[in-house]
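Protein chains: 4
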Amino acid sequence: MNVIKVGIVGLGAQMQENLLPTLLQMPDIRIVAVCDSDLARAAQIHHFISDVAITDDFDDMLDTAALDCVVMACPPQAHRDLSLKAMARGVHVFVEKPPCFNLVELQHLIEASRQANVVTGVGMNFKFAKPMRQLRDITRTEQFGKVVHIQLNHYASKPTAPLWGLDSTLRSFLLAQAIHTIDLGVTFGGGKLQSIESRVQRHDDSLLVSLELEFSTGATVSLLSGTLFPYFEFDMKIVSSKSMMVELNNLWNITMHEPEHGTSATGTAKRWRGAWQPGPLDSGYERSGYFGELERFFDAVRNRSSYDASFESLLPTFEVIEQICQADSQRELAPARTLRTDGFAKSKAPAGVSFNAL
Amino acid sequence: MNVIKVGIVGLGAQMQENLLPTLLQMPDIRIVAVCDSDLARAAQIHHFISDVAITDDFDDMLDTAALDCVVMACPPQAHRDLSLKAMARGVHVFVEKPPCFNLVELQHLIEASRQANVVTGVGMNFKFAKPMRQLRDITRTEQFGKVVHIQLNHYASKPTAPLWGLDSTLRSFLLAQAIHTIDLGVTFGGGKLQSIESRVQRHDDSLLVSLELEFSTGATVSLLSGTLFPYFEFDMKIVSSKSMMVELNNLWNITMHEPEHGTSATGTAKRWRGAWQPGPLDSGYERSGYFGELERFFDAVRNRSSYDASFESLLPTFEVIEQICQADSQRELAPARTLRTDGFAKSKAPAGVSFNAL
Amino acid sequence: MNVIKVGIVGLGAQMQENLLPTLLQMPDIRIVAVCDSDLARAAQIHHFISDVAITDDFDDMLDTAALDCVVMACPPQAHRDLSLKAMARGVHVFVEKPPCFNLVELQHLIEASRQANVVTGVGMNFKFAKPMRQLRDITRTEQFGKVVHIQLNHYASKPTAPLWGLDSTLRSFLLAQAIHTIDLGVTFGGGKLQSIESRVQRHDDSLLVSLELEFSTGATVSLLSGTLFPYFEFDMKIVSSKSMMVELNNLWNITMHEPEHGTSATGTAKRWRGAWQPGPLDSGYERSGYFGELERFFDAVRNRSSYDASFESLLPTFEVIEQICQADSQRELAPARTLRTDGFAKSKAPAGVSFNAL
Amino acid sequence: MNVIKVGIVGLGAQMQENLLPTLLQMPDIRIVAVCDSDLARAAQIHHFISDVAITDDFDDMLDTAALDCVVMACPPQAHRDLSLKAMARGVHVFVEKPPCFNLVELQHLIEASRQANVVTGVGMNFKFAKPMRQLRDITRTEQFGKVVHIQLNHYASKPTAPLWGLDSTLRSFLLAQAIHTIDLGVTFGGGKLQSIESRVQRHDDSLLVSLELEFSTGATVSLLSGTLFPYFEFDMKIVSSKSMMVELNNLWNITMHEPEHGTSATGTAKRWRGAWQPGPLDSGYERSGYFGELERFFDAVRNRSSYDASFESLLPTFEVIEQICQADSQRELAPARTLRTDGFAKSKAPAGVSFNAL
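Chains as they are written, first to last, in the working numbering: chain R, 10 to 367; chain W, 10 to 367; chain D, 10 to 367; chain G, 10 to 367.
Accuracy of the hints is not assured; some may be wrong.
For chains that are exact copies, the list does not tell them apart, and a pair is met inside one copy or across any two.
What the hints assert, rightly or not - Think about it this way: if two alpha-carbon atoms lie no more than 35 Å apart in a straight line, the pair counts; the simulated DSBU-like pairs of lysine-lysine are: (1) Lys-246 with Lys-94; (2) Lys-94 with Lys-155; (3) Lys-155 with Lys-14; (4) Lys-139 with Lys-94; (5) Lys-201 with Lys-167; (6) Lys-14 with Lys-279; (7) Lys-167 with Lys-279; (8) Lys-94 with Lys-279; (9) Lys-14 with Lys-94; (10) Lys-14 with Lys-246; (11) Lys-167 with Lys-94.
Don't read these hints as lab results, they were simulated from the structure.
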């Protein structure tokens, strides 16, 4: 398979702003069909490419276009249901996050993908962002040592109401936003997830979610996220067993704190750090991860190899999401204040959850 | 009492670098006696002031100099023992942190101070740092709303061995370093401390200490500290119920994220934030808090009023320190790995611990 | 003309990295032919689009493809010669910078474009970068006042040898790099250019170029550029008559210094400034200006209106380039040191040079 | 002379905020007398030290106190006149900047100091600021190479009216503010000053002063300063012959850009730079230079050695100030606009002006 034939599902904002432009500039990828429940929106593809079939019927698209894979950006129920259909036909599947609503559904999707023997992928662009790869490279060097702790701060201002017909704003937020940072914690934590603790604070319609994870590697993760912030931003810090700390601010700037640092003219001296930033003309979809997520997915499709952000890779992340929701609902029910010794809701991770790091 | 007569105890590095220069430039303060177990070191005061009595005998100093108060920078056992002596004579006491080794000793000191009816103070300079006061002012405004969460990161590279004859590096670190940030958590958290959770990770001789606190105000604190870092630095973030987040980096720079921000020429627009930094010629001991801590202490001495960093004010901080040590020692004893459901050691705060915020 | 038919000339690095991906994601633009002297390279277009004619003969492309315009990324001599051919056929022309080697050639191109009545454009992407537009908007507000001074710092590490068959590294640098910042100076300076002063310093193969411009608006520009830097970066500051200073660092971050600034919680106070930065997921070609430069060019083509970065718009910039080269060569000839009163080479701007700001 | 006996003149804001606290914490310095035209203000010294004679008569102080030196913070006319008196008595003299109003007066002061054979000093604290010394150390290493260019930006908001009875706001600004940055240009430029060019722009009561200097070392300086800014800030960049650029922002942060930089975990890679910042508890008067300027002065007094910021050291700086004022007044007189080829007023530096760098 040299050229990959792609069917697009859902030509909304996320597709038009990030996935479609990335697909259009990717070599040996052909968009051959577009499906959208709004046919007029599907027709917008003709602003970019002429010879593309459009439809508002997914089954029709599967029937008529000889697709290698579908790329979807829809609500989770569509991701879930249409993935099942596509996989049943042996079509590889890439969906925007989230792929579905909960762990049980995810397990169902994974089972179906195994039976169909197709490559699956979820749009976890943070994981594929260029500076995140730099961090992966750094944390794998002998000089950096072992990862001891990862601090993730994920600031958001929405959603402040349930999405996609759900009745829980918390679950909506976790699936729409925190899924990225939980996945990063899982990725950098490595090994098996051994402990999950969480706390949810509410103010009006806004949430603050604190999370602590422990891994079999000995690494720990603390994550602060929520919708109680003025705008979306993101930063993370990784502390190593060799007293190094690398931080990434806003997917732009990397700072490396290390015991011995300096310049050629100063020699090493205290309080010098290494700072990296992208060039002024950095462009395109590499830094934000949209290019990398699709490039690697198509590589996996071509090579029938595993993909870092497969449905399966998200199991521990969905475990965490389930735990947060469950702990929060138990706490909601409890007669608060009197037994607040359990500030953090904890749980032992179920024995079966394991995964390989990126 | 217009001019306050001060006896200095311990003319070591901390005294000479921070407290002494601050005292020398403070109006209406007279250093009238210096005590140091090393008399030659005590004599170094004569580089700065001529007419000062020196001694290596604290009792002698109390006997002969008509002191209003003593200012000490010694090991904790000296702070504890000499404070008791000074208070017994009705002399006000200001000691560098830590004032003593543990909660029981602190309670003893508090009891003694009540009986002696003297003003006590501990050198919690972070609390009095100028930008910290700006943060206090900000967080008290109606516009800021209620404090919801405080994230404190306190990076240190030492101690990596026990201090002061203690047998615990952990306790040494908590008393020497984390005491500041725990106290800040307590100060900004407000109300009563209701839940303490902690985790200690070790790598070689280095520590990583994670802490979660909950307060009766609803505010929560997360603190990451330890000695696994290349050098000392410090940053904090405070999230409010009105979707504002103010951050302080390294006691230098303040950034305010708020939903509506901009400039007179742009109007409010997304991703604008307010940034403050000190002027290039900012000098002296105000920013770092050494001036403020002493100025306020002497004000309290003059007015016989309460002092924000009295022995008593440190009760919840010492509670937290005891909890961290206790949880860590229990965990050390436990057959690890099998019951890691208790990643975080938690405890209900004892009913009696309350305090007023700064 | 709804869909614009584009012929691409030169499928090298700049085209493939920036212009082509931008064109591919631009609505209602069709690439219908590709010309490259290396036919195999031209064929690379088929990785992205199937139905495109390729050729290594520009005349052939003009003859056979019914082009609305050509977009070129070639050496300047090709830009110059092929533009003349295209314009003679009434085809609109967009070329990467530089469009040609010198002022005389530029005047010739302008003359030809007037006769052909076509829209011309040069890839001055800095001018169209998103933060640069924010700066334009800011500097046009009444609140900002009049532009008094613009400081431009343009750091580069190359070229260190002549490009394109030229014999001057200085001219090569000015045409390849400084052209952007000189154009920005001209754009923000406004009005007529009234004085040009320059100084060139050399170290080994590297250059340092200092430039001072004065405009009829009263605004002045100082520009520091050259190849004596470790890597490419860029920053600028604009000072206004109302004591405001806005700075743009590296095309990423904007900082606004103004006499009255603060936050809703602090009120205005000294040393507060407004800071803006792009979101973590900022992607694509808008920020770096590649999208804007082409989007506006095609708008001009559609509306037969003038384009901000037309050949003509570059007249004052080429004036400045000529002056710098001329002053430098005169100085080289002069018996240096004895008459160094002329540190800066100055010249009165020729009377005829005027232009409208962006 | 072990202990140096100091007479203070002028107990105003600058003395009380910066010089006095520095003197009080400096070893083996004794303040033995204080003179202020306002005797009540002189008496404020007794808040800090008891046994100090006060007077409102400078001659009286010289007569009665056996002074080694005087430290003054007064208007320039007092610096000038009282320095002459003190020097005539063989008393060493340290004055806040400026020491006098113009070059002729400075030459007179220098002549008097030579005849009296005393040490003279001016409070050029920027020159002695700790990060400035780091820069000096860096720029002197072989790795850094030769200084090629220094860019100085000195932002101020005042004075907007003449000071000290002068009739020129420009001269007032240069003497009160720009004196520091001109002196830094001279210090880092090295060698002999060979060319001075300047431009002054006015808006209402505010000034913008641009300056270009050339030195016999081949180094050049560009300085942007003025009162058209919202608040006082300062930054500088030094470019070297080895493609390194070190920048100092606001006397706080140092950034070193160099061709090869990275971290132990990354190896060298593009766009890494070294960044340095002071620790959170940096306190006192070292960073801002008040300690260094006095410490070095007293060292010179003790050793009868030369002092880096002597009256004589300021000769080239006053040359520059005279040139700026003269060029500006000529330009004011000229029928503007018609002959604006002379945007920058230039002058060959007078043959006799030479100096040794710091």
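Structure-based check of all given hints:
{"no.": "1", "hint": "Lys-246 with Lys-94", "verdict": "neither (41 Å within a copy, 47 Å between copies)"}
{"no.": "2", "hint": "Lys-94 with Lys-155", "verdict": "neither (43 Å within a copy, 49 Å between copies)"}
{"no.": "3", "hint": "Lys-155 with Lys-14", "verdict": "neither (42 Å within a copy, 54 Å between copies)"}
{"no.": "4", "hint": "Lys-139 with Lys-94", "verdict": "within (33 Å within a copy, 42 Å between copies)"}
{"no.": "5", "hint": "Lys-201 with Lys-167", "verdict": "both (31 Å within a copy, 31 Å between copies)"}
{"no.": "6", "hint": "Lys-14 with Lys-279", "verdict": "neither (55 Å within a copy, 37 Å between copies)"}
{"no.": "7", "hint": "Lys-167 with Lys-279", "verdict": "between (41 Å within a copy, 14 Å between copies)"}
{"no.": "8", "hint": "Lys-94 with Lys-279", "verdict": "neither (59 Å within a copy, 41 Å between copies)"}
{"no.": "9", "hint": "Lys-14 with Lys-94", "verdict": "within (17 Å within a copy, 39 Å between copies)"}
{"no.": "10", "hint": "Lys-14 with Lys-246", "verdict": "neither (40 Å within a copy, 48 Å between copies)"}
{"no.": "11", "hint": "Lys-167 with Lys-94", "verdict": "within (31 Å within a copy, 55 Å between copies)"}
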